[in-house]
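Whenever a hint applies, use it, and build me the whole structure from the sequences.
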Amino acid sequence: MNPPVGLAAFLAVVLATAVIGFYGLRISRTTGDFYVASRTVPPWWNASAIGGEYLSAASFLGVAGLILLSGTDALWFPVGYTAGYLMLLLFVAAPLRRSGAYTIPDFTEARLESTAVRRVTSLVVVAVGWLYIVPQLHGAGLTIRISTGLPSWVGALAVVLVVYLTVAAGGMRSITFVQAFQYWLKLTALAVPVVFVLLHQGGGAAVPAPESVNPTGLPAAGPYQTVSLLLALLFGTLGLPHVLVRFYTNPDGRSARRTTLIVLGLLSVFYLFPTAAGLLGRMYAPGLARDGRSDALVLLLPGELVGGPAGDALSALVVAGAFAAFLSTTSGLVVSLAGVISQDLLGGSVRGFRIGALLAAVVPLAFALATDSLGLAGSVGLVFAFTASTICPVLLLGIWWRGLSDAGAIAGMLTGAVLCGGAMVAGTLLGGASAPAWLAQPAAWTVPAAFTVMVLVSRATKQRIPGTVTRVMTRLHVPERPLASGR
Amino acid sequence: MTRVRVTAPQSAGRRPAGLLPGRDAAVDSDVGRLYVRSLIRSQLRLAIVVAAGFLLVLAACGLMVALVPDLAVLRLLGIPLNWLLLGAGLYPVIGLAAWLYNRSAARNEARYRELVDER
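Same order as they appear, the protein sequences are chains A and B. Going by the working numbering, the first residue of the first sequence is number 73, and it counts up by one from there. Going by the working numbering, the first residue of the second sequence is number -10, and it counts up by one from there.
Worth flagging that the hints you see were computed from the coordinates, not collected in a lab. Don't take each hint at face value.
Stated by the list, open to error - Derived, one-sided and incomplete: chain A residues facing chain B with beta-carbon distance under 8 Å:
| hint | residue |
| --- | --- |
| 1 | T144 |
| 2 | M159 |
| 3 | Q297 |
| 4 | L333 |
| 5 | L336 |
| 6 | T347 |
| 7 | L469 |
| 8 | W472 |
| 9 | T542 |
| 10 | M545 |
All C-beta atoms, glycine included, are put in the ideal place defined by N, C-alpha and C.
Structure (structure tokens):
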């Protein structure tokens, strides 16, 4: 790829992000603005922003790369990423919005009347956020290396700097505009090159079979792996801290549901393109998988298949979209982590929020610089397994089951964190691909274990169920009165 | 213009402001509590039914791709059917499930509202 073109694309995205972030800064006035954009963002904006924030390095680069590597087995990833939002809609969206809480720790503390629960939830949320930022920075390093030839750390450091500056300057209001813009940028940046490549290749007579090509000779995933992966993706989404905080920007429970429906449409349209890119790569550029560049497939595809100035222009567009992905997901995570860190440790001031943002960004940067990427879609899939084993049980049981006690919530979250975290560490030590399936995809046993422990301990500590449970459950589920009600 | 220092809502016990009490007088009477319970139960039942239906479709697709090898051979517009099914065919199902759920959930809430207002 042509280095100046890649660099120009990167700088353009950074500039656009900064400009929109600054525009937002001028209308951030109160602490409410800072944390949740005052809950006055219209559904379409909000849905675009949710989509923009959710579509990370794993979706933009990882999905196509994994499809190139493992074919139809990898098609479950985009389906799971999208269906996770269906589960969020069914079980979490409206009640969580109605809870009126700012963050997940706010929610668990209010539901269970316990500061200990709050602390454990905060720890888990921070762990999830850090784990999720690392692959974004790996993706940024990969993209900057492929597109400009600069060393990987430049990309990771640049993303952290830009994110920190926009977040510290504008809070969530500006983030909402930035994220909404970035959804459409990401969609364009994948759709235009994919359609162009399709038309370009469409003239060819012979269409190679995607299944006849097995670029890596990897064995097919067994049923256990597929089921475990889907469980992680379906139930991991509803526990992601940056996704949840977005729902607080809806004016009421009904609009939270409407927003989620729009998000599902936006995600469905988006995922057609990485899927198509993966299919194209499998048919026409299987060589990329052999030399370990599969995660760079969407970046390299226009250059490999189109070439010339048209290929350069398309590559620049993809690079811009990729950086939009890293920037938007990372800033969403940094905002929600900064909210949690500042409210719990630093007293909740705007200055505390800025220090929290710094902590939220610098720790994963250090981790990303010290490690190498093991496949973007896979490592993000593991983060989903972790949230599905920790935050998902406490949210689902907290919203739907009166019998949850603080002791049960803590025991369940710790069980899930220890089991799933242990499996992730053990799997990495045993060497990624060669680890046994039950360690590589732990969700199938860690999620049920966390739920079981949470229910059993709650049953055993019935006297600890808070007396406010009826009022809180009412608040979560009873529809808001329309503001302009004549009654 | 003067600069104003803004801070997070602070309250005794660090409880986020505005979270309690419940927004309705519904919890103040036995009948009110009963209505709320039945609303929660019907919303949960609805969510579980939609989720189970979707998971069944998902499982059926997975089994079809695994058990019918011909799907990888048959093609529509040059694309093998198994790719079309998993890569594009499931998204409309997700959207349909979400749309149906939204409609029914809103209806449950409207029914609750009517009951409470009649009282």
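Enumerated hints in conflict with the structure, sorted upward = Failing hints, ascending: 3, 7.
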